[in-house]
Each structure stands twice: as structure tokens, then as C-alpha cells.
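Start from the sequences, fold in the hints, and give me the full structure.
Read top to bottom, the protein sequences are chains Z and B.
Quick note: the first sequence, position 140, residue 532 per our numbering, numbers continuous.
Quick note: the second sequence, position 109, residue 501 per our numbering, numbers continuous.
None of these hints come from the bench; they were simulated from the model.
The reader is advised that the hints may include incorrect statements.
Given that identical chains are not distinguished, each listed pair holds provided it fits within a single copy or across any two copies.
[Claimed, not checked] Here are the simulated SDA-like cross-link-like pairs (lysine to any residue), alpha carbons at most 25 angstroms apart as the crow flies:
id : residue 1 : residue 2
1  : 560       : 478
2  : 467       : 590
3  : 522       : 550
4  : 560       : 589
5  : 560       : 547
6  : 522       : 575
7  : 485       : 466
8  : 485       : 444
9  : 522       : 462
10 : 412       : 469
11 : 408       : 499
12 : 467       : 554
13 : 430       : 521
14 : 408       : 482
15 : 485       : 575
16 : 400       : 571
17 : 522       : 545
18 : 412       : 429
2 protein chains.
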Amino acid sequence: MARPSQPKLSIPAIAKAALKLVDAQGDFTLPQLAKALKVSASSLYNHVQGRDEIIELMRGQAMQVISLPHLEPEKWQESVQLIATEYWASYSKHPRLIPLMTSYTVRDSTTLRVYDALAEAFAAAGFAPKQRLQAITIIDSFILGSALDAAAPAEVWLADEQASPEFKAALESGQNTEDRARQTFELGLEIILDGLARTVPTTRA
Amino acid sequence: MARPSQPKLSIPAIAKAALKLVDAQGDFTLPQLAKALKVSASSLYNHVQGRDEIIELMRGQAMQVISLPHLEPEKWQESVQLIATEYWASYSKHPRLIPLMTSYTVRDSTTLRVYDALAEAFAAAGFAPKQRLQAITIIDSFILGSALDAAAPAEVWLADEQASPEFKAALESGQNTEDRARQTFELGLEIILDGLARTVPTTRA
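In C-alpha cells form, the structure reads like this:
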């Protein structure tokens with residue numbers, strides 16, 4: 393048995409280690425990743441082609457927890473809501489992955505299946521292709537921004553002396569409420585889905 | 393004249409150099425920042441107390457370009473729209489600052505004035521304090537998510553062979569359109585503002 397102490401490399405292990413680095417420092421390099429996995433850079437290259445592929449692996453890792461519901465066309469809003477909520481919950485745990493993965497073209501197949509499902513739901517709602525792409529993008533942007541909000545500190549804003557009474561009252565009313573981020577995400581998602589439904593002449597919210 | 397070759401340190405110079413590091417690598421350390429400014433770490437500490445303060449400086453740097461409109465209460469949607477659009481445009485240029493700054497409590501006074509203005513606009517619309525905080529957060533999340541979308545590559549998704557016809561048609565309809573991100577942001581913002589207006593019984597969209 394040669395080198396029994398060397399850990400076995402696998403695609404999930406690489407994705408997990410890269411995600412851990414991104415969670416901690418906002419990015420990763422291949423030498424750092426090799427070090428974290430206790431392997432040489434050349435061993436890494438036996439499994440992945442490079443940085444781009446590792447980003448897609450991390451994306452897949454974050455997306456694979458989403459369960460895709462069976463689409464009932466008349467309940468398209470429910471489908472989008474279920475997918476969006478799981479998507480939000482998963483990225484809330486990895487906020488620093490967000491700007492990294494939005495700066496690369498989506499190629500990961502697990503992730504593409506999520507967008508397939510969203511496209512099918514919006515098509516069922518009656519959205520033409522261009523409006524469907526806009527609807528997907530609006531939902532996507534809101535999910536990612538809300539995931540960052542969910543990862544924010546309990547005190548998002550610290551008002552100073554000049555703060556307006558309107559802002560101070562808003563902060564005092566609910567900034568430190570438990571489940572603040574989730575409630576706000578759910579309300580925003582509902583508003584967006586209802587609003588999107590209104591833009592399609594053939595369906596009603 | 394002692395040490396004439398040493399550049400003068402200033403708060404704006406520190407903010408600018410830190411932002412440059414974050415744009416490039418997603419984060420910064422104080423030693424890296426000192427090196428970029430060609431000063432010692434102790435010189436840096438003569439101007440800033442530490443990492444937290446530098447993050448607030450970067451936030452202020454990104455927010456200072458926003459011009460705050462004079463609020464006409466019956467045109468509150470217009471005010472929010474103007475602020476949101478400039479906010480989005482500024483963060484589109486610094487996507488990697490986004491998760492860094494959402495993970496720290498907002499203390500920067502330039503930034504707090506932007507939230508004052510949003511709170512005043514939503515108060516004018518008739519939102520009670522708690523709903524006002526939710527409205528601010530929903531808009532904020534959508535702006536930041538959309539700024540990430542604006543910074544994404546022209547080809548956001550690369551469909552694979554299994555991709556659904558609904559998704560493929562959506563991609564073909566407009567993925568590489570000029571101004572795609574701006575148009576989608578504007579549509580989403582309109583939908584959210586109209587939807588929020590509907591949640592206030594005393595006003596109409």
C-alpha cells in the first residue's frame with residue numbers, strides 16, 4: 393500500500409474544501425485548495441481542469457439541496473415559491489460565494505435544472521420567452537440579495553444622531569426581531585410573484 | 393524635509409486603495425493595504441482604527457455618488473426609484489464589495505443618509521414603521537442582487553443538452569441583449585414599488 397496517509401480526492405471533497413475557503417476568505421486559489429486537501433496541485437488537476445470548474449462545483453454543492461417540485465401549471469406561483477425559498481436558504485449559508493458565482497457563466501447541470509424548473513413554471517403562467525428570462529432574473533436577484541440580508545448581523549444599521557425620525561422608528565420597530573430576514577424575504581417574494589402575474593394578460597395572481 | 397518620498401495618507405486614499413483590493417480579490421488585509429499605499433501598518437493606524445472602519449469607508453465611497461432628491465410626498469415612488477437606480481449603478485461597479493459590506497453593521501453616515509431618505513419616502517407613502525423597515529429591506533436586497541446581475545458575464549447561463557425548451561427559448565430571446573441587466577432591474581423595481589404601494593391601504597400605486 394503506497395502512501396496510505398494521503399486522503400482520497402473526490403469531486404465532492406474538492407467542492408466542500410473550496411467552499412470552506414470561500415466562506416472564510418471570500419475566494420480561493422488552487423495552491424490554497426491543494427494545501428487544505430493535503431494533496432499536490434497536480435493531484436488536483438487529475439480531478440478538475442481549473443478554477444472555473446471548481447466554481448461550478450461549489451455552485452452545484454449549494455444548489456443540490458433544492459428539491460424541484462412537480463409542476464402543476466395552475467399553481468406555478470407555488471412552484472416558484474418553493475424553489476426560491478430553498479435557494480435562498482442555501483445561499484444564506486454561503487454569502488461570500490454569491491459574487492464569485494455570479495461572475496461566472498452558469499454551466500453546472502444541477503443548477504441548470506433549477507433554472508429549467510423556473511422557466512417551466514413561468515411558461516405555464518403564460519410568460520413569453522423574453523418576459524420569462526426577465527422574471528427568472530428578477531427572482532434570482534431578489535433571492536441572492538435576500539440571502540445576503542439573511543447573513544447580515546442582527547443589527548443591520550446603527551442609527552447616528554442625525555438619523556431621521558422616520559428611519560429611527562423603522563429600526564426600533566423590528567430590526568432585532570427573530571426571523572426578520574425570512575419574513576421580509578417571504579413578503580418580498582409574494583409581492584414580486586403577484587406583480588409578475590399582473591404583467592401576464594392571460595393569468596391572474 | 394524628512395522622508396519627502398512617502399506619499400501623504402488620507403481617508404479617501406485609504407478607501408480607494410481598499411476598494412481596489414476588494415475589487416480584485418474579494419477582500420483585503422491591513423498588511424496588503426499598507427503595502428498598496430506604500431506606508432507602514434502603524435501609519436495606517438494613525439488614520440483608521442482598523443478593518444471595520446475601512447469597510448465603512450468603502451461603503452461611504454460607493455454610496456457618496458448617490459444624489460438624494462427633494463422628497464415630494466405624493467411622488468414617493470419617484471424618489472425611491474431615483475435613489476435605487478444610482479445605488480444599483482454604483483454597486484454594479486463593485487460587486488465583490490457587496491457581501492463584505494452586508495456582513496457588517498452600517499455605521500457610515502453617508503450611507504445612513506441614503507436610508508433616511510428611503511425611510512422618509514416610505515413614511516410619506518403611509519408605511520407604518522415595521523412595514524417601512526420591510527420595504528427598505530426588500531428594495532435593498534433587490535438592488536444588491538441586481539447589481540450582481542449587472543456585473544455578470546454577458547452569457548449568464550450556458551444551456552446544456554438536457555435544458556428544457558422553456559429555458560432555452562428564454563435564453564435565446566434576450567440573454568445577450570444590450571442593456572439586459574438595466575432593463576430587468578428597472579422592470580423589477582417598478583413591480584416591487586407598485587406591489588409595495590398596494591400593501592398600504594391609504595395610498596394607491
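Against the structure, the hints come out as follows:
Taking the shortest alpha-carbon separations for residue 560 and residue 478, only the inter-copy value of 23 angstroms comes in at or below 25 angstroms, while the best intra-copy value is 32 angstroms. For the identical chains of this complex, residue 467 and residue 590 are neighbours both inside a copy (15 angstroms) and across copies (22 angstroms), given an alpha-carbon limit of 25 angstroms. Within a single copy, residue 522 and residue 550 get their C-alpha atoms only as close as 41 angstroms, which misses the 25 angstroms cut-off; across copies the closest is 16 angstroms, which meets it. With identical chains, the CA atoms of residue 560 and residue 589 are at most 25 angstroms apart between copies only, with a shortest distance of 21 angstroms across copies and 34 angstroms within one.
For a Cα distance limit of 25 angstroms, the shortest separation of residue 560 from residue 547 inside one copy, 13 angstroms, qualifies, whereas the shortest one across copies, 42 angstroms, does not. For the homomeric pair residue 522 and residue 575, the shortest alpha-carbon distance between copies (12 angstroms) is at most 25 angstroms, but the shortest distance inside one copy (30 angstroms) is not. Taking CA atoms no more than 25 angstroms apart as the test, residue 485 paired with residue 466 passes in neither setting, with 32 angstroms inside one copy and 40 angstroms between copies. Taking CA atoms no more than 25 angstroms apart as the test, residue 485 paired with residue 444 passes in both settings, with 21 angstroms inside one copy and 22 angstroms between copies.
Proximity of residue 522 to residue 462 under the C-alpha cut-off of 25 angstroms is restricted to the intra-copy arrangement: shortest distance 24 angstroms within a copy versus 36 angstroms between copies. Taking identical chains as interchangeable, the C-alpha atoms of residue 412 and residue 469 are never at most 25 angstroms apart, the minima being 34 angstroms within one chain and 41 angstroms between chains. Taking the closest pair of Cα atoms, residue 408 and residue 499 come within 25 angstroms of each other only inside a single copy of the chain (18 angstroms); across copies the shortest separation is 34 angstroms, beyond that limit. Taking identical chains as interchangeable, the C-alpha atoms of residue 467 and residue 554 lie at most 25 angstroms apart only when they sit on different chains, with a minimum of 24 angstroms there against 48 angstroms within one chain.
In this homomeric assembly, residue 430 and residue 521 never come within 25 angstroms of each other (Cα to Cα): the closest approach is 47 angstroms inside a single copy and 53 angstroms across copies. Taking the closest pair of Cα atoms, residue 408 and residue 482 come within 25 angstroms of each other only inside a single copy of the chain (14 angstroms); across copies the shortest separation is 33 angstroms, beyond that limit. Only within a single protomer do residue 485 and residue 575 lie at most 25 angstroms apart by alpha-carbon distance; the minimum there is 17 angstroms, versus 30 angstroms between protomers. For the homomeric pair residue 400 and residue 571, neither the shortest alpha-carbon distance inside one copy (40 angstroms) nor that between copies (47 angstroms) is at most 25 angstroms.
Taking the shortest alpha-carbon separations for residue 522 and residue 545, only the inter-copy value of 18 angstroms comes in at or below 25 angstroms, while the best intra-copy value is 37 angstroms. Only within a single protomer do residue 412 and residue 429 lie at most 25 angstroms apart by alpha-carbon distance; the minimum there is 11 angstroms, versus 30 angstroms between protomers.
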